[in-house]
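J.: Residue-level listing of the chains:
Number of protein chains: 2
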Amino acid sequence: MIENKIPYKTYLDENEIPTAWYNLRADMKVKPAPLLNPATHKPLSADELTPIFCEELVKQELDNDTAFFPIPQEILDFYKMYRPSPLVRAYCLEKVLDTPAKIYYKFEGNNTSGSHKLNSAIAQAYYAKKQGLKGVTTETGAGQWGTALSMACAYLGLDCKVFMVKVSYEQKPFRREVMRTYGASVTPSPSMETAVGRKILAEHPGTTGSLGCAISEAVEVATQNPGYRYVLGSVLNQVLLHQSIIGLETKAAFDKIGVKPDIIIGCAGGGSNLGGLIAPFMGEKLRGEADYRIIAVEPASCPSFTRGKFAYDFCDTGMICPLAKMYTLGSGFIPSPNHAGGLRFHGMSTTLSQLYHDGYMEARSVEQTSVFEAAELFARSEGILPAPESSHAIRAAMDEALRCRETGEEKNILFGLTGTGYFDLVAYQKFNDGQMTDYIPTDADLAVGFAGLPKVED
Amino acid sequence: MIENKIPYKTYLDENEIPTAWYNLRADMKVKPAPLLNPATHKPLSADELTPIFCEELVKQELDNDTAFFPIPQEILDFYKMYRPSPLVRAYCLEKVLDTPAKIYYKFEGNNTSGSHKLNSAIAQAYYAKKQGLKGVTTETGAGQWGTALSMACAYLGLDCKVFMVKVSYEQKPFRREVMRTYGASVTPSPSMETAVGRKILAEHPGTTGSLGCAISEAVEVATQNPGYRYVLGSVLNQVLLHQSIIGLETKAAFDKIGVKPDIIIGCAGGGSNLGGLIAPFMGEKLRGEADYRIIAVEPASCPSFTRGKFAYDFCDTGMICPLAKMYTLGSGFIPSPNHAGGLRFHGMSTTLSQLYHDGYMEARSVEQTSVFEAAELFARSEGILPAPESSHAIRAAMDEALRCRETGEEKNILFGLTGTGYFDLVAYQKFNDGQMTDYIPTDADLAVGFAGLPKVED
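Protein chains in written order, with the numbering used here: chain U, 1 to 458; chain Y, 1 to 458.
I should point out that these hints are in silico values taken from the structure, not numbers from a laboratory.
For clarity, every value in this text was computed on a predicted model and none was experimentally measured.
Treat the hints with care, as some may be off.
Copies of one chain are not kept apart here, so a pair can be met inside one copy or by any two copies together.
Said to hold, decoys possible - DSS-like mimics (lysine-lysine), calculated; alpha carbons at most 27 Å apart, straight line: (1) LYS134 x LYS95; (2) LYS129 x LYS95; (3) LYS5 x LYS256; (4) LYS95 x LYS42; (5) LYS285 x LYS31; (6) LYS260 x LYS411; (7) LYS130 x LYS95.
Only chain U is shown next, with the shape it has when bound in the complex (with noise of 0.2 Å):
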């Protein structure tokens, strides 16, 4: 028998889930900069985001400084679908690791988008409906956030465009048929569907699709069909927002049973699970009340925080988006072709890039066999079959927990469980096999991407 006076998980009450979110930028001394019009290299007005963005979101995109957004109660019960989400003290793992830290996972899985890219595309699709929208466009990696935003458009019958990286389409066309369920459409990216993916194509015929060229093209569709707005599932201030959720329950959660954290771990790659998971502790840091140990943790292959550069960049390869001052590779950068997961964002929030920068976090980078490693130890121990982007996280806590081992330590460690793993078996399967290898891109790789980024006086 496994003592435990913490139980395994800890549920709110349904009337204990958090009826605001919380804006982290509002505790912030200096606040992430502004985007820029990508013509002019001026901070965009709400005027000039509305025609890509609905107007709510353009208000939330763009105010530093209140602290609280009350959710609507349309939100509110949907969240109830499959909210609040369990906070899971990793009892199993802790054992199979012999260590006298406490694990604690914050559990955003269980729906079927199966991460917590839900929380947000339930707001910005409730918010497209208010505005009497037809419809919405955007673009997927792994295909969480376009399973979100489908099953959100599906509840609120909005019409859903979906633009998905070519690789992931191919290496995971049940996603699709998920999409296709919610009544989605899902195009392949790029494609010729668009202006920008045909010059893409043209350039590249090989290429197997970024995030960023997905994003140029479900913008240029938003914008140029009435009565449809585009959507982002990551990088946005905005989503950060609706994200906190994640973290106000977290932290509700730990006050339930008498528990704070030392060192809270999240992987990133555009930052909405890393932003919504710290934005209240993050906040106590900011004003003074307390100190945690932050830690993003990201693809080797894909290193934005640990080896980008902290500039305006382009969000997307089109370069038709706002410029954004992020830690970025450039808006050119592709990840190789055998990198398995999501977390493939050449970008990073603008929010988490500032509080990098002044220090209020750590980063690090981990090669995806490691990441794949601590996947299958999680899921054996524990149960659940972790996404790979996820087990970014697992295997950052893991490393914390085997250094308490060492030091005897007991200290509080918190990561973001953001998904599962069922639609990432051709992943699975290849480091099964022993098919799976690492990809750590070069200085030069990395010169390239640098090479494209504007020019922007700061």
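Position chain Y against the provided structure of chain U, taking the given hints into account.
T.: Leaving out everything else, chain Y in the frame of chain U:
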């Protein structure tokens, strides 16, 4: 806003998880008929069963009198990793159906096996481990049971060998990878690895396999390898006993919110989910303490309750397993290859068969296109992509709710949502493409199976 006093999801606390399984047979006036030795047609003794099954499980299998079996602490610890499962009020489905009925479902899909099968897998693996065995063998159809057993064996450090019905193996390659990730070996059945497999392949070279055939192979391997036993995911009394955790939790959750179901609906293949879900409710019914309408739902393409015979039959195609008295289509019956989901066993739990025979429950069959229509509507309203098996129960629950719309009755309808459809996307794709067809066996088709029934003096 949806007005609700009753929460969307009712979770028990961890310390409210039932600590004993309930044995329905204890309250049956007419007990299920005993298993017979296939050679002598005499009731099987414990000694005859222990070469096939673990000792403790044989005791559970044969015990018609003990009402409660305490759940060992090690199993309770494992249960806490994914239980309690939520009892969900389907507010959104009710709204879409515009019904005065209140619909509830017990959702067993929030674990990596994707279904309720884990409840019995961990129990059977635990007793195998306790007996000092090296490993276990089994069969799997849709793949849920095989996955569940792989997870349980990985957790306990047991070897696990799975024979997977060939048509499922081909339709669900990713199931195999999940099982491999948990360290199991997976063989498509019929295979050349066993005498019975070779015989079946010689007689039916193009066969897509059947559960009955996979069972024969798994039993052969278990009985011919020292330190191995065979375990089964459904049909057996011991499995229904372990699965009673579903119904016990459901009843406790209903008591917590002060609701009593009027109609209880479960899909039925071998009976594991149905038997578990209804256990405590049927107990009350048998003891005359309460009344419930209890409905078993099965595929029109594999209609053992609604069109089978109540007779002694082999549990496997190879005719090496015990004879069980049950509703059966004959051990030679193989569902049409167009049958997309699980629920493909030719027979039915002896316990449920007796209860059905004695008028304690109803049964109906549904065709698969109408099942997938129900699944799609459910996914789009309740968010969860259901397993095809579970969707049989959804279909019947929706039909009952629509009937309430006609009559204006506010009935409380409970159904078992046994699992998720994340590995059933080939079937969903067929449905999305409008390529799914129905198949109802003719009387002549069924006569072939019935002709193979053994002659047993009752």
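J.: Of the hints stated earlier, which fail here?
T.: 4
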